[in-house]
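Visitor: These are the residues of each chain, in order.
Number of protein chains: 2
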Amino acid sequence: MAALADQLTALLGPSRVSVTETDLATHSTDKWFASNPPEVVVHAESAAEVSEVLRFANANRIPVTPQGSRVGYVGGCVPLQGGIALSVARMNKIKEITLEDGVAVIEPGVITGHLQNEVRKLGWFYPPDPASLKECSLGGNIATNAGGPRCLKYGVTRHYVLGLEAVLADGSIVKAGGRCHKNKTGFDLVGLMVGSEGMLGVVTEATLRLIPHPPMRAMLSAGFKSFAEAANAVQRILGSGFLPSALEIADKFTLRAAREYLGASVTPEGDAHLLVEIDGQPESVKGEIEQLAKLVTSLGSICLNKAMGDEACEAFWKLRREFSYSLRNTGLIKLNEDIVVPRGRLVDLVDFAEKLQSETGFPVACFGHAGDGNIHVNIMVPTMDDPAIRERAEAALDRLFHQVIAWNGAITGEHGIGVAKKRWWRDAVSPAAHETHLRLKAALDPNGILNPGKFLG
Amino acid sequence: MAALADQLTALLGPSRVSVTETDLATHSTDKWFASNPPEVVVHAESAAEVSEVLRFANANRIPVTPQGSRVGYVGGCVPLQGGIALSVARMNKIKEITLEDGVAVIEPGVITGHLQNEVRKLGWFYPPDPASLKECSLGGNIATNAGGPRCLKYGVTRHYVLGLEAVLADGSIVKAGGRCHKNKTGFDLVGLMVGSEGMLGVVTEATLRLIPHPPMRAMLSAGFKSFAEAANAVQRILGSGFLPSALEIADKFTLRAAREYLGASVTPEGDAHLLVEIDGQPESVKGEIEQLAKLVTSLGSICLNKAMGDEACEAFWKLRREFSYSLRNTGLIKLNEDIVVPRGRLVDLVDFAEKLQSETGFPVACFGHAGDGNIHVNIMVPTMDDPAIRERAEAALDRLFHQVIAWNGAITGEHGIGVAKKRWWRDAVSPAAHETHLRLKAALDPNGILNPGKFLG
Chain S
7 MAALADQLTA LLGPSRVSVT ETDLATHSTD KWFASNPPEV VVHAESAAEV
57 SEVLRFANAN RIPVTPQGSR VGYVGGCVPL QGGIALSVAR MNKIKEITLE
107 DGVAVIEPGV ITGHLQNEVR KLGWFYPPDP ASLKECSLGG NIATNAGGPR
157 CLKYGVTRHY VLGLEAVLAD GSIVKAGGRC HKNKTGFDLV GLMVGSEGML
207 GVVTEATLRL IPHPPMRAML SAGFKSFAEA ANAVQRILGS GFLPSALEIA
257 DKFTLRAARE YLGASVTPEG DAHLLVEIDG QPESVKGEIE QLAKLVTSLG
307 SICLNKAMGD EACEAFWKLR REFSYSLRNT GLIKLNEDIV VPRGRLVDLV
357 DFAEKLQSET GFPVACFGHA GDGNIHVNIM VPTMDDPAIR ERAEAALDRL
407 FHQVIAWNGA ITGEHGIGVA KKRWWRDAVS PAAHETHLRL KAALDPNGIL
457 NPGKFLG
Chain H
7 MAALADQLTA LLGPSRVSVT ETDLATHSTD KWFASNPPEV VVHAESAAEV
57 SEVLRFANAN RIPVTPQGSR VGYVGGCVPL QGGIALSVAR MNKIKEITLE
107 DGVAVIEPGV ITGHLQNEVR KLGWFYPPDP ASLKECSLGG NIATNAGGPR
157 CLKYGVTRHY VLGLEAVLAD GSIVKAGGRC HKNKTGFDLV GLMVGSEGML
207 GVVTEATLRL IPHPPMRAML SAGFKSFAEA ANAVQRILGS GFLPSALEIA
257 DKFTLRAARE YLGASVTPEG DAHLLVEIDG QPESVKGEIE QLAKLVTSLG
307 SICLNKAMGD EACEAFWKLR REFSYSLRNT GLIKLNEDIV VPRGRLVDLV
357 DFAEKLQSET GFPVACFGHA GDGNIHVNIM VPTMDDPAIR ERAEAALDRL
407 FHQVIAWNGA ITGEHGIGVA KKRWWRDAVS PAAHETHLRL KAALDPNGIL
457 NPGKFLG
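Quick mapping for you: the protein sequence lines, in order, are chains S and H.
Converting from the first sequence to this note's numbering requires adding 6 to each position, the first position being numbered 1.
Converting from the second sequence to this note's numbering requires adding 6 to each position, the first position being numbered 1.
None of these hints come from the bench; they were simulated from the model.
There could be a bad hint or two in this list.
Claimed, not checked - With a straight-line Cα cutoff of 16 Å, these simulated EDC-like cross-link-like pairs (lysine to aspartate or glutamate) come out:
hint, chain 1, residue 1, chain 2, residue 2
1, H, Lys140, H, Glu124
2, S, Lys340, S, Glu400
3, H, Lys292, S, Glu289
4, H, Lys99, H, Glu124
5, S, Lys37, S, Glu141
6, S, Lys258, S, Asp354
7, S, Lys292, H, Glu289
8, H, Lys127, H, Asp316
9, S, Lys340, S, Asp391
10, H, Lys292, H, Asp316
11, S, Lys99, S, Glu211
12, H, Lys181, S, Asp433
13, H, Lys181, S, Glu441
14, S, Lys447, S, Asp176
15, S, Lys181, H, Glu441
16, H, Lys231, H, Asp357
17, H, Lys447, H, Asp176
18, S, Lys181, H, Asp433
As the list claims (entries may be wrong) - Some chain S residues flagged as far from chain H (calculated, every beta-carbon gap over 10 Å):
hint, residue
19, Glu58
20, Lys258
21, Phe358
22, Glu400
A quick note: this is a predicted structure, and the numbers were derived from the prediction, not measured.
Each residue gets a CB set at the ideal place from its N, CA and C atoms; glycine is no exception.
Let the hints inform the model, and build the full structure from the sequences given.
Guide: Right, dumping it as structure tokens:
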């Protein structure tokens, strides 16, 4: 162990290498259950240093697990095979924001919310908005192609990455894409790197696309008697030529937990809840939110509240986030699975969840991004330490994922596969697609040093 | 030659294989200058047939050039090394349009405009709008990641491909992505295939994302005294929180040709022209187009026309398309290069074009998608048959591309590299990026049978 740290210290100097107990513990996990300590933590401060580490590790066949803010939900940055935890958290500079080109150039350790705020102050917009935006880093967003509620209108992280600098397993530094808003030069190396979960390279710089910030937004918060009515409202809103910036749904189990935690007075009535957000020019937004309110009322909402402007909308979003805390407040462990179904399957999904609940005895709460079918299904279990309960929980997850796959759904919409979903990876893709993954992995990381032990084994 | 055709006929039956003079001639070129006949044309009618052809060709090291509608602008589907021209034009069925899932499932030979119309009839929208949409096929759009004016707001083809079925060089049929609007399952195989110009696989089916069709649109057509004022208007519109669906610019050489061809009465006044299109809910669009008209007037436009609704807007687009015909009407050959510059470089680009014109004697006309910096630079030459003139033309292109690269621009925004831009490929990418392309190509097509002779050699 000392030998590895010594070798890395010789390469990079002592300020970059750590084997303190605290550092090893901190860098052994993310927000999921899996945990394994690295032998050494390297705090890289430049692409050149990342390149040095990888060249060395590749020559010596040492596992390297790239890490950013370590707030992922699937164990994606857990150093399962020990070796080097390669943190880029210190690379946290916004290098440039250039509005006339509509770009920001950032290092991977920049916190997503920090970039959003800096851009917002200038009247511009970086839309991807994962729930963890106050603590997650852009490098992690890129590694997982992070989403969020506003992806319905604005697209996921991939749609905002114009250019990347990434270091491959052999230490070579590749620049892909650039600072142009359109670019058809060669294969889509940027796209291949985005969402590759640290298995194909380490991103050391990104050029992100910025768009004009819509000056006004407004929201509706609507309660419905049944989930089917709320899901119908989703379809009817989209069918009326509206593309809201967000369309968020919650089911009765989520609402019940919220009533328990927050009180009935602030929790919307009914067995289903819908949030609709639109944005644009002030007068347009004022008119459109009225139109939408009429439409939603005509579709049977039993309570309806409106918010106009940033502050009022934030209050609605706060309530929405508290749904999640309400579930935690039950004292149960939330197995939060970010599955996706074709939008037409929303009602089937919630019916299935209800059946799963009654058959397994575990409460199941569904809420999330209804517009794109990306629903967070939360199976609530008392513990994961009791083997018998754990087994039943795993069986429930098996049923959920197999049903999602049978509907042509996706086992992950925004968190990635990591360790958490490795078990269903082979069911989720065809043998030829798996084989293609192996070929690409072998082409870019022939020794398999980058983030080993994850979904490709 | 007969032997190859016979072998393929034995595999596929006579109705799929052709060596007629007409077929060979038709399938030897696209809309660019390059031409080379294949030995055989195969008209595949299913993924299974495409797979049979590729398995056979791979085993026998026979070049295969995939083809759709053959209306590309860079010679991308010219069978430079003979062999098999593999046309998927007969695979032209729309298999499914399912609005509740927001998807269309298509075969690659479907004409882009046909899908758009079918979707539009149902009140929905497939946004990518390459200029050739009445004749280009979706498979070709996918192979080149086609764009168009509305990409500013709506993104390029890549943003609408949710799932693909593609056949790799060895005949294996890979399904990537699916029918979900969000999907983080594995690497982005869909993105890798989109824009790969027939060099990594042959797309046999695609699942495309549909969005609600905005019920109203409106446009402004504005003349300015100078290009700098029009480019400033582009920046100021975006800086005011508007993201128009299109922002198209044209320079004085384009306008002069239009006056010559169409007459001064219908051509906008001034030395620069700007088209602004917005879309959305009817009342919103009415209000916003007035706001934009005021803004554009305050920025010095010397003539301004408004269009409200589809029909009036189409008249503006028709005029815009006639700019292109006007250039052809000069009797000169239009070397149309779809370069991209960072948006802040628009004025520099047109200044450079003016200098190029005065130094080379070739007229240079610039028009295109100002919002994303994707400007079509047209160098107008009397002939490409006279070696001396051709050499001067090539030298002018060299200067253009090297300047674009020096500005961190892109040598192609929507047409691809193909044969036309092969010469500048190595200047446009770093050695490490080129090397990465070779590794990916070797991983998926180790024998190099797919579309050989293009930018990877």
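Visitor: Hint by hint, note whether the structure agrees.
Guide: Status of the hints after comparison with the structure:
no.	hint	in the structure
1	H:Lys140 to H:Glu124	13 Å, holds
2	S:Lys340 to S:Glu400	13 Å, holds
3	H:Lys292 to S:Glu289	11 Å, holds
4	H:Lys99 to H:Glu124	12 Å, holds
5	S:Lys37 to S:Glu141	12 Å, holds
6	S:Lys258 to S:Asp354	15 Å, holds
7	S:Lys292 to H:Glu289	11 Å, holds
8	H:Lys127 to H:Asp316	14 Å, holds
9	S:Lys340 to S:Asp391	14 Å, holds
10	H:Lys292 to H:Asp316	13 Å, holds
11	S:Lys99 to S:Glu211	10 Å, holds
12	H:Lys181 to S:Asp433	13 Å, holds
13	H:Lys181 to S:Glu441	11 Å, holds
14	S:Lys447 to S:Asp176	13 Å, holds
15	S:Lys181 to H:Glu441	11 Å, holds
16	H:Lys231 to H:Asp357	15 Å, holds
17	H:Lys447 to H:Asp176	13 Å, holds
18	S:Lys181 to H:Asp433	13 Å, holds
19	Glu58	16 Å, holds
20	Lys258	22 Å, holds
21	Phe358	16 Å, holds
22	Glu400	20 Å, holds
Hint violations for this structure: none, all hints satisfied.
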